[in-house]
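Asker: Residue numbers (this note's numbering), protein chains in the order written: chain A, 1 to 318; chain B, 1 to 256.
These are calculated hints, taken from the structure and not from any lab test.
Here the structure is a predicted model, which is why all the values come from computation and not from measurement.
Treat the hints with care, as some may be off.
Said to hold, decoys possible - No more than 20 Å apart at the CA atoms, straight line, and that leaves these computed lysine to aspartate or glutamate pairs for EDC-like:
id, chain 1, residue 1, chain 2, residue 2
1, B, Lys229, A, Asp295
2, A, Lys284, B, Asp14
3, B, Lys239, A, Glu167
4, B, Lys199, B, Glu56
5, A, Lys66, B, Glu247
6, B, Lys229, A, Asp285
7, B, Lys250, A, Asp295
8, A, Lys82, A, Glu167
9, B, Lys194, B, Asp80
10, B, Lys2, B, Glu161
Unchecked claim - Now the in silico label distances, taken between C-beta atoms and shown as ranges:
id, chain 1, residue 1, chain 2, residue 2, range
11, B, Lys184, A, Lys66, 30 to 38 Å
12, B, Glu247, A, Leu216, 20 to 28 Å
13, B, Lys24, A, Ser142, 21 to 29 Å
14, B, Glu51, A, Glu172, 40 to 48 Å
15, A, Lys317, B, Lys184, 33 to 41 Å
16, B, Glu51, A, Ala318, 28 to 36 Å
17, A, Glu210, B, Arg66, 24 to 32 Å
18, A, Gln218, B, Gln240, 34 to 42 Å
19, A, Ile166, B, Lys199, 52 to 60 Å
20, A, Ser142, B, Glu109, 32 to 40 Å
21, B, Lys199, A, Ala315, 55 to 63 Å
22, A, Ile166, B, Glu109, 43 to 51 Å
23, B, Lys149, A, Gln199, 43 to 51 Å
Positions of the beta carbon are idealized from the N, C-alpha and C atoms, including for glycine.
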Amino acid sequence: MSKILVVLEAGRARISSEALAAAQVLAGLTGLPVESATVGNAQVFAEASGQPIAGAYAIQHPLLEKYTSDGYVLAFEQLIRKLDPAYIVFPHTYQSRDYVPRLATRFGQVLVSDITGIEAGPTFVRQLFQGKMTGAYSHPGSGPCFLSVQAGAFRAAEGQAGQTTIEAFTPEITPAQIRTRPGEPFRGSAQTVDLGSAQLIVSVGRGIKEADNLPLVQDLATALGAELAASRPICDNGWLPMERQVGSSGQTVAPKLYLAVGISGAIQHLVGMKGSQCIVAINKDPDAPIFEVADYGIVGDLFEVVPALTEAIKAAKA
Amino acid sequence: MKIIVAIKQVPDRDAQLRIDSSSKWIEESDLQFALNESDAYALEEALQLKEKDGGEVVVLSCGPERIGQTIREALAKGADRAISIACDDLGSRDALGVARLLAAAIKTESPDLVLTGLQSEDLGLGQTGVILAELLDLPHASLILHVEKTEAGLTVKRELEEGWFQEIQLPLPAVLTIQSGGNKLRYATLMGIKRAKLKEVRQLAAADLGANAAPVVVLDRVALPQKQKSTQILPGTAKQAAAALVEKLKFEVRVL
Chain A
1 MSKILVVLEA GRARISSEAL AAAQVLAGLT GLPVESATVG NAQVFAEASG QPIAGAYAIQ
61 HPLLEKYTSD GYVLAFEQLI RKLDPAYIVF PHTYQSRDYV PRLATRFGQV LVSDITGIEA
121 GPTFVRQLFQ GKMTGAYSHP GSGPCFLSVQ AGAFRAAEGQ AGQTTIEAFT PEITPAQIRT
181 RPGEPFRGSA QTVDLGSAQL IVSVGRGIKE ADNLPLVQDL ATALGAELAA SRPICDNGWL
241 PMERQVGSSG QTVAPKLYLA VGISGAIQHL VGMKGSQCIV AINKDPDAPI FEVADYGIVG
301 DLFEVVPALT EAIKAAKA
Chain B
1 MKIIVAIKQV PDRDAQLRID SSSKWIEESD LQFALNESDA YALEEALQLK EKDGGEVVVL
61 SCGPERIGQT IREALAKGAD RAISIACDDL GSRDALGVAR LLAAAIKTES PDLVLTGLQS
121 EDLGLGQTGV ILAELLDLPH ASLILHVEKT EAGLTVKREL EEGWFQEIQL PLPAVLTIQS
181 GGNKLRYATL MGIKRAKLKE VRQLAAADLG ANAAPVVVLD RVALPQKQKS TQILPGTAKQ
241 AAAALVEKLK FEVRVL
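Pulled out of the complex, with its shape left as it was, chain A reads as follows (with noise of 0.2 Å):
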């Protein structure tokens, strides 16, 4: 129990490389040091720079060659009885999401998943409620604590790794142990719409109330020669196409102007858009998460403040 385990996930070097400083957060304040592993490919430790690691762990076996939960909590679960770890760090990502949980539980342990803070303790930040409050969690148990990193809620450092060994480890699993049988992945249809290049975005949220109620928000989006955007409530209800979705299932975006209509700002849509140079929202509720990453707010009903906002900018416009 005298190490943290940081770990990095093979094509994934930025949210790796925050993990990492996150641990480096934890290393600041507990005073241990930090070692990582990933699976497979060990690229990833030279990707994810900035940190110096004292030990690298490179886990290989044929069988892990595709994702599948059960491979990944048996390879980890081997490691981590062996490293003895007192914290183990990972990124936040849809994988870890779908076998940490189940790996923590073998050990008797919960997972404090998406964290965004790590402080004196330690004690860990994370959102409840869509981001209208914030949970600080405590891991008064014995045992390793299990925790996940929010995508951008920590700066990863700049510059090279430090010189590392990097050391092979092989779990022993066999093909029964795995229940479930991945398919390839595929894109879910063909994108015509690159939100990723528009300056411009407006964007839509369940404030709208009904598909009904959009042209309101197209006018807009025309007026201004934005491109038209939506959170995930949206495109679930089938309102507009899912490849208008801005946020962690859908597109990230760093638009020059993003403005926010009707949109709480879940973590989820934040983390698709909050790199944005100007982010505006419009929201009736003033304590609506949005307006913690927004320029500029109005607060307000949204049926009485676009048409209006589309008129001023066809006036300036003109």
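Position chain B against the provided structure of chain A, taking the given hints into account.
Answerer: Same frame as chain A, now just chain B:
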């Protein structure tokens, strides 16, 4: 197939939340509650599977007396019966503690399939289904948008990040966590609401399920989030605020 759907009652998403006097949770006394959104999609998936392949849909929930209302709602939408675990100290249990209660109840039913929403709108941990799978020693898949029964078990469509998907095959029995958006949600009909009153709700007490381990993770404090940016709120009527914003877009953001 016999399908159990684990559902959670959460504060209504439009509810104004206030922190309670202990600063450990929110004031619940005058809150409106509703069925957690992704659990509603899990229920919908279960109902559609039943309509296609036959079987039974049993909803399972855990919490104080008020969850009865959400359970009735699920029965009105078409679930056949329900199991309600009376538990007044849900907040002092961690995700593993709650999953242990649910798992103990599920074991008495030996279902073919367990469905739950991928995460709750209150705590948002997104773990209950995956922990359940481990406690029940069943295979699982998470973030599922579509489920199809096959001869060998199930083929499911899993959502990956940034517009990617994947199909997974898994044997039964299994646990799936359901992502929102895979189906269109149904409303309860008047007839459904009437019928729900006659459907069986099996009452269990948390104490009887023998799952009372001390929590390993504790929520110590709830707070309002800190602002990352200082937002300039544009005041006035809709027209005044719109005019002020156009000024900003023209001269500060320079996009007009």
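Asker: Look at each hint and say if it fits the structure.
Answerer: Checked hints:
Taken as a hint, the Lys229(B) and Asp295(A) pair is honoured in the structure, with Cα atoms around 7 Å apart against an allowance of 20 Å. At most 20 Å may separate the alpha-carbon atoms for a hinted pair to count; Lys284(A) and Asp14(B) meet this at roughly 11 Å. Restraint check: the Cα-Cα separation between Lys239(B) and Glu167(A) comes to about 65 Å, which exceeds 20 Å; the hinted pair is violated. For the given pair, Lys199(B) sits about 13 Å from Glu56(B) by alpha-carbon distance, which is consistent with the 20 Å threshold.
Proximity of Lys66(A) to Glu247(B) is assessed by CA-CA distance (about 53 Å); at most 20 Å being required, the pair is judged violated. Between Lys229(B) and Asp285(A), the direct Cα distance comes to roughly 17 Å. Compliance with the 20 Å bound is thereby established for this hinted pair. About 15 Å separates the Cα atoms of Lys250(B) and Asp295(A), which keeps this hinted pair within 20 Å; it holds. Proposed proximity of Lys82(A) and Glu167(A) is supported: the alpha carbons are some 13 Å apart, at most 20 Å.
A distance of roughly 13 Å separates the Cα atoms of Lys194(B) and Asp80(B); the hinted pair therefore holds under the 20 Å criterion. Between the alpha carbons of Lys2(B) and Glu161(B) the distance comes to roughly 31 Å, so the proposed pair goes past 20 Å and is violated. The hinted window of 30 to 38 Å between Lys184(B) and Lys66(A) holds, with their beta carbons roughly 32 Å apart. About 22 Å separates the C-beta atoms of Glu247(B) and Leu216(A), a value consistent with the hinted range of 20 to 28 Å.
Separated by about 23 Å at the C-beta atoms, Lys24(B) and Ser142(A) satisfy the suggested range of 21 to 29 Å. Between Glu51(B) and Glu172(A), the C-beta spacing of about 44 Å keeps the proposed range 40 to 48 Å intact. Checked against the hint of 33 to 41 Å, the C-beta distance between Lys317(A) and Lys184(B) comes to roughly 39 Å, which is consistent with it. Between Glu51(B) and Ala318(A) the beta carbon distance is about 55 Å. The supplied range of 28 to 36 Å is therefore violated.
Judged by the Cβ atoms, the range 24 to 32 Å given for Glu210(A) and Arg66(B) holds: they are separated by roughly 29 Å. Taking 34 to 42 Å as the suggested C-beta distance range, the pair Gln218(A) and Gln240(B) does not conform, at roughly 24 Å. Checked against the given bound of 52 to 60 Å, the beta carbons of Ile166(A) and Lys199(B), roughly 59 Å apart, stay inside it. At roughly 34 Å, the beta carbons of Ser142(A) and Glu109(B) sit within the given window of 32 to 40 Å.
Checking the proposed 55 to 63 Å range against Lys199(B) and Ala315(A) shows it holds: the Cβ atoms sit about 59 Å from each other. Between Ile166(A) and Glu109(B) the CB atoms are about 48 Å apart, so this pair conforms to the stated range of 43 to 51 Å. Taken as a hint, the range 43 to 51 Å holds for the pair Lys149(B) and Gln199(A), whose Cβ atoms sit roughly 47 Å apart.
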